[in-house]
Amino acid sequence: MNRKTRDTLSQALRTCVYVIVLAFFLFPILWIIATAFKSGGEFLQSPPVWIPRTPNLSSFRHAVQVGGLNALASSLIIALSTTVLSLIVGSLAGYGMARYRVGGDNLPFFVLSTRFMPAVAVIFPFLLLFRSLKWMDTYQALILLNLTFNLPYAVWMMRSFFLEVPREIEESALVDGTSPFGAFWKVAIPLVAPGLIATGVFCFIFSWSEFFFALSLSHTRVVPLSVFLPNFFGKMMIQWGAVGAMSTIAMVPLFALSLLVQRYLVRGLTMGAVK
Amino acid sequence: MTTRAAISSDALLLKRRKKLVPWLFVLPTLVVILSVTIFPTVYSLGLSLFKWEATLQDKPFVGLDNYIRLFSDSRFLHSLWVTAVLVVVGVFLELVLGFALALFLISDKRPHRSIVALLLLPVMVMPVVVGYTWRLLWDAQYGPINQMIGWVIGRPFQYTWLGKTNTAIFAILVTEIWQWTPFMFLIFYSGLSSLDQELFDAAKIDGASTWGQIRHLSVPLMRPIIAVAVLIRSLDAIKAFDLVYTLTGGGPGSSTETLSFYIYKVGFQFFRLGYAAAMAFLLLIVLSVLLTYLMRYLKAIWQ
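Residue numbers (my numbering), protein chains in the order written: chain A, 1 to 275; chain B, 276 to 578.
Derived from the structure by calculation, the hints contain no laboratory data. Be aware that a few hints might be false.
[Stated by the list, open to error] Chain B side only, calculated, beta carbon under 10 Å to chain A, not exhaustive:
(1) P303
(2) T312
(3) E328
(4) F346
(5) S349
(6) S382
(7) L411
(8) G429
(9) F445
(10) P495
(11) P499
(12) D517
(13) T521
(14) F545
[What the hints assert, rightly or not] Some chain B residues close to chain A (C-beta under 7 Å, calculated; not the full set):
(15) W298
(16) V307
(17) L309
(18) T408
(19) Q416
(20) Y417
(21) L461
(22) F516
(23) L548
(24) L573
Keep in mind the model is a prediction, meaning the values are calculated, not measured. Using N, Cα and C, we set each Cβ at its ideal position, and we do this for glycine too.
Generate coordinates for the entire structure from the input sequences, incorporating the hints supplied.
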């Protein structure tokens, strides 16, 4: 075998591996999206139909009728509020730690460690507290609990972004008489804008996907997507079409957002350990 | 004299204010973190020392009773076992597959940015959706997995994967691996692409085999990154809840219950908050051991 045919052969082999790997990782996603577009009986056919014969939106319509849009709105409100709060409070602290070395080396690591606090370790005191405050099934309760893991994350990420920005520009602003807060808001924040956006996107993704707290606290009024989905699992049958429709609605925004932060993906997922 | 004293006291005031201002940046975060994580954790510890049950009029102090009872609770011990399987077997396979995949893509000279982007999609899907999607895939009647097996063996195949203990755990593992192998892959892929290529060229000139290069160059150089990836994944896997809830609901029976899932049941369905808090606290202790290692590696990487 000469070199050229061997190269072509190995390239063909590689392509085969790519196809198999991609098929494995994309098949479930494609399957649930296809399920969303199947008609009434199609998703309850055995053996299953792969591609909907007459793709239609009846499952989406059904999901919307039983409150799908409310769930979408709840998810948006919770995720957006958590993100904005985490960014405001978190970038202040990240700035303090990066520029003034508040708390030395240990405070940032301590704050980051609280990011990994198990939800089951904090939920019961909050359950008792929210019951007495009549905060069960409310936005403020869920937003507050989403802060438990998003705020430490935002602090840690923003600190790392501030550390990368040269401090000279802020120092000259301070010499010119700008207040410390002015230097933070007018000088530093614009410099870390891409990092701020990336951190925000990750906070949004984390709170959008959150399940445990939502399951523990929501009943009927505030029902985000993650706890709305189980509604389609009845004792007698499962409405797979509606599950597919709501899953698609929950997935697609995150896919779009992840494209937006493609450059920061590794950094965001590894707490900045890998850039 | 007086003016100098005034100046120096002014300077002192300014200095003190300068020291105070940085803390103002951090203060809101400290208040939130102390009240939403530290306080409830300490409260949980307190709760675990009481026999706090919804059916009881008064909630007596029982000391370490809740903790002692854990050791004879077979359902708790089994949930520990399931959690351990998910963490050890699951994370290990994710590590191996993710690393292999990263090496495979790195060794390809052609550009593969779109492949990387597509591979990452599973990480972005909310775990509840992942769970329900795979529940459909595993379904005995409506699932394509049985259908495809049927094609291979040439006759209709109907197996209730999620209805039998062993295959239910297997199904959870496969699902977990499906979602998180891309996470490992992405980390290793960007780690490997940042390695100094000259080292590998030198090794090649010295006649090192591909396997030798991986064993003696890639793996040692990647050690801190591998450690961070494994620790972050383990910290998440040890809290596994969403997938179990959506795929099997802990069943059949209670055979696929993880620790978090069992704690949830004890707390929210049996309303035995004292006992649930004791288990949660135990989980916290295991977690903090892993966390210490993660922090150590992160510190080393950052300094």
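* Asked: In ascending order, which of the hints set out earlier in this document are inconsistent with the structure?
  -> Numbers 3, 4, 5, 8, 9, 10, 14 and 17 - these are the hints that the structure violates, sorted from lowest upward.
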